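These protein sequences, in sequence, are chains A and B. 1 is the number of the first residue of the first sequence in this note's numbering; add one for each residue after it. 115 is the number of the first residue of the second sequence in this note's numbering; add one for each residue after it.
Source of the hints: derived by calculation from the structure; they are not laboratory data. All figures in this text were calculated on a predicted structure; none of them were measured in a lab. Virtual Cβ for every residue (Gly too), placed ideally from N, Cα, C. It cannot be assumed that every hint is accurate.
[What the hints assert, rightly or not] The following residues of chain B were derived to be distant from chain A, with all beta-carbon distances above 12 Å: (1) N119; (2) Q128; (3) G130; (4) D132; (5) S140; (6) E155; (7) L175; (8) T182.
[Said to hold, decoys possible] Derived coverage of chain B by chain A (criterion: at least 3 residues anywhere in the stretch with Cβ under 8 Å from a Cβ of chain A; other residues may be distant): (9) 157-168; (10) 183-195.
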Amino acid sequence: NAGVTQTPKFQVLKTGQSMTLQCAQDMNHEYMSWYRQDPGMGLRLIHYSVGAGITDQGEVPNGYNVSRSTTEDFPLRLLSAAPSQTSVYFCASSPNRGAGNTIYFGEGSWLTVV
Amino acid sequence: GQQLNQSPQSMFIQEGEDVSMNCTSSSIFNTWLWYKQDPGEGPVLLIALYKAGELTSNGRLTAQFGITRKDSFLNISASIPSDVGIYFCAGPSTMKTSYDKVIFGPGTSLSVIP
Chain A
1 NAGVTQTPKF QVLKTGQSMT LQCAQDMNHE YMSWYRQDPG MGLRLIHYSV
51 GAGITDQGEV PNGYNVSRST TEDFPLRLLS AAPSQTSVYF CASSPNRGAG
101 NTIYFGEGSW LTVV
Chain B
115 GQQLNQSPQS MFIQEGEDVS MNCTSSSIFN TWLWYKQDPG EGPVLLIALY
165 KAGELTSNGR LTAQFGITRK DSFLNISASI PSDVGIYFCA GPSTMKTSYD
215 KVIFGPGTSL SVIP
């Protein structure tokens with residue numbers, strides 16, 4: 001069972017470059033989200049989606065875009081990478097909106113911006 | 115927005131010792147969740163609590179939903195090396211504008227000395 005799959009696992013970007021972190025889930029979950037994890041900050045919500053065609057901002061949305069054209073995919077785009085976006089990014093999915101007890105996380109994407 | 119605080123920030127214990135950590139908020143939560151993150155992986159749900167005063171166990175782990183609904187506690191008995199990781203508390207937001215958001219605390223990092 002694949003669950004939540006994120007790619008790439010590691011990426012180094014130069015300041016100003018753009019890139020997309022891919023996320024796919026095969027559990028037919030309606031709710032998907034992106035978190036970033038920084039030392040001492042825990043997991044902070046970037047963007048989330050309650051279903052195909054619907055997205056909304058989380059706690060730290062600036063510098064990131066998302067789209068949800070299908071139930072399975074929820075890519076995260078960095079338009080112009082900055083060193084402050086160096087972090088570990090986690091994609092997550094859940095069958096229920098706002099129900100943290102059924103959140104499934106991907107394995108993470110380590111991003112370094114130099 | 116709502117925030118969660120966790121203490122201690124980090125712990126170093128001897129194998130076999132019991133562990134206690136807690137999570138607090140200035141606002142109430144209706145659900146408390148405890149996740150564990152192993153090094154290099156995404157968080158995984160340990161215990162979910164749904165009712166004030168509730169005490170729930172999962173093997174050597176026991177968690178309690180505080181009576182005030184503003185705190186929760188996690189205890190680990192007889193720690194073993196595989197307990198190493200970061201423990202996060204989390205909960206679905208109770209703010210009307212944020213019902214779809216799941217809030218995570220900053221985490222407690224646990225190290226077990228064999």
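Which of the listed hints are not met by the structure?
-> The structure breaks hints 1, 6, 10; every other hint is satisfied.
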